[in-house]
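Peer 1: This is what each chain is made of:
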Amino acid sequence: MRIPSRLISSLCVAAIISVAIASHADETCNSPYMSGLIKGQEDFVHVWTLGVPGMGDGSDKLVTIDANPASKTYGTVIHKISVGGRGEAHHMGFTDDRKYLWAGGLDDSKIYIFDVGSNPSHPKLIKTIDDLSAKTGYVGPHTFYALPGRMLIGDLSNAADKGGVTGMAVYNNKGGFIAKYDMPTTTITQVKGDGYGYDIAVNPAKNALLTSSFSGWNNYMRDLGELMKDSEAMKHFGNSMVMWNLKTMQPEQILAVPGAPLEIRWALAEGQNWAITATALTSQLWLVSRDPQGVWQAKDVAQIGDPAKIPLPVDISITADAKGLWVNTFMDGTTHYFDLTDPQHPKETYSKHTGSQVNMVSQSWDGRRIYVTSSLLSKWDKKGKDNEQFLRAFHWDGHELTPAFDIDFTKEQLGRPHHMKFTANPPRVASLTGASVR
Amino acid sequence: MHRVGAPAGVVAGVLSLFGIAGMTGAAVDPGKATAPRMEFVPPPPGSYKLQKIQRVTDAILLDTAGHAVKLSALTQSKITLLTFFYTYCADPLGCPFAHTTLADLRDRVRGDRALAQRVRFVSVSLDPTHDTPEVIASYSKEFTIDPKFDWRFLTARRVQDLLPVLDDFGQDVSVETDMNGHATRTLHHMLKMFLIDARGEVREIYTLAFLQPQVMFNDIKTLALEAG
Chain S
1 MRIPSRLISS LCVAAIISVA IASHADETCN SPYMSGLIKG QEDFVHVWTL
51 GVPGMGDGSD KLVTIDANPA SKTYGTVIHK ISVGGRGEAH HMGFTDDRKY
101 LWAGGLDDSK IYIFDVGSNP SHPKLIKTID DLSAKTGYVG PHTFYALPGR
151 MLIGDLSNAA DKGGVTGMAV YNNKGGFIAK YDMPTTTITQ VKGDGYGYDI
201 AVNPAKNALL TSSFSGWNNY MRDLGELMKD SEAMKHFGNS MVMWNLKTMQ
251 PEQILAVPGA PLEIRWALAE GQNWAITATA LTSQLWLVSR DPQGVWQAKD
301 VAQIGDPAKI PLPVDISITA DAKGLWVNTF MDGTTHYFDL TDPQHPKETY
351 SKHTGSQVNM VSQSWDGRRI YVTSSLLSKW DKKGKDNEQF LRAFHWDGHE
401 LTPAFDIDFT KEQLGRPHHM KFTANPPRVA SLTGASVR
Chain D
1001 MHRVGAPAGV VAGVLSLFGI AGMTGAAVDP GKATAPRMEF VPPPPGSYKL
1051 QKIQRVTDAI LLDTAGHAVK LSALTQSKIT LLTFFYTYCA DPLGCPFAHT
1101 TLADLRDRVR GDRALAQRVR FVSVSLDPTH DTPEVIASYS KEFTIDPKFD
1151 WRFLTARRVQ DLLPVLDDFG QDVSVETDMN GHATRTLHHM LKMFLIDARG
1201 EVREIYTLAF LQPQVMFNDI KTLALEAG
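Those protein sequences? They're chains S and D, same order as listed. Numbering-wise, the first sequence is residues 1 to 438 according to this note's numbering. Numbering-wise, the second sequence is residues 1001 to 1228 according to this note's numbering.
Worth flagging that the hints you see were computed from the coordinates, not collected in a lab. Remember, it's a predicted structure, so these values are computed and weren't measured experimentally. Please note that a few of the clues may not be correct.
Stated by the list, open to error - In the EDC-like style, the derived pairs of lysine to aspartate or glutamate whose C-alpha atoms are separated by at most 16 Å in a straight line are:
1) D/1078 - D/1201
2) S/206 - D/1039
3) S/174 - D/1168
4) S/323 - S/252
5) S/352 - S/332
6) S/174 - D/1167
7) D/1148 - D/1112
8) S/206 - S/252
9) S/80 - S/412
10) S/385 - S/300
11) S/174 - D/1201
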């Protein structure tokens, strides 16, 4: 296929990055200025998978699945790379050039850098960062968010008491530590910060960095059944979001959002002034938007399932046009679709039971393919027959999720699948160079 | 990273120098380029600290007269804004946009005479085979109208001299290939500008979403205030 000249022209430099600022969707929660968003068919799904004792090599691993229907190995595991231990594999994020994938362990706080640019069908582990705690005092690296030439890492806990007070760390793309920023515990804009952290999302046009809050190591590494019976421990969940000035990296507003607000998605199209999140414990969608005075406000705008049953919303995925939102609820194994045409009044228009337990949900840029994984945390996953461990791919025609393929991670002796990221074979290019991570 | 040099003079423009069998696939869509938006009031200079991202590694490059120059001589002692380009890039939101942004910044900096003496711009070609010293000398005339403003254009003697520089800055570059795997005249690279302090340390990196001249000007002044 010959690429049209205008497209070549746009390829030549800036477009590769600028795509990202136009809109932000899945392909799911990528940094809005990361290069090379996949707007067509993704070729591979990489799954950061928790090791299970006695299952295969028992190690955390990056599993690569062929996701291109035109391929002979479509819907199968084509590659896996173990990291040589179990550290509670959880989330991942691409560097700004999308050549490298950083993946963290919530228990051992190690950060693994995989080269997915050289050959995305066969990622290579090229570096392990193990100084997060020593450099910052934080533990539990969760969100990996690309900044130009750097990685901003949202953490969950701290090394001192392993509670929820934590912060964000910045490393350069070579893996060198740069800076740390504590989550606020003071009172700002009349709301006291809890110091907790979780997700990170940036809106470059507004110089805005929004963070959410979850819980510390003491809770996320504890058996969920025990935890929920411990009323004191259940008090130690985040109840806030923080709006930061991205340039100064100073917190400017704290927003009261009770119930552990988790994943954050900005609507980045021009004229949009909002981000959305879901609260795990109170099962609500919250909208963070600017009022006419320019002040950010947080407001609960919809219920997710029946909050009294604690369905536990765990992941969300916004469509490219910010008109729709997928929400996975872990406890009832349900994938929900909300119409966000009016973000002040989201409406659930579809739901489907997609597993006995479901966690992450990722959609392709065009919204036609949805991927669901099962594992939340090693100590929070269900027991017995409900402990299904899978990646399920679906087609979405706007009305119905239709199964595409299903990979049983227990049968394949892989482990507990959690976070997913997509890659594609690059267009016809020859390498001039690739910045190496040393 | 595998790199292969092709025989000299094989293809018009340099790019066959980089000729390697390309991988196929078309799923990555570069999308429509969009100029950066700025919907905020930038924080004033000196009210914040810029991160120390990395030190710049030295290299030997060529100036517009063809003289060998140490990169460190042009990334220290002044506040430096460095970018990569190639002279025949035609994307309006590519190299031309970058240099238009830099020209805007140059004019802002020239408005502060004391600051202007402490600032330099450096533009390094990504294509040393085509962008010879003579070519970049011609190209640079449009941007170096003020002899008092320090704006250097550099190239390399050969691609191999440039590669460590690109690697150090994390400047991703690849070459578009045709159906037969032959290099075309299109370079894919992520537009980045690097703000470097007078000690040779990268303090900010701007990709397209962050090419906001007022913010960049404030960052330059912030470094000047920091140095005293």
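Peer 1: Tell me, which hint numbers fail for this structure?
Peer 2: 4, 10
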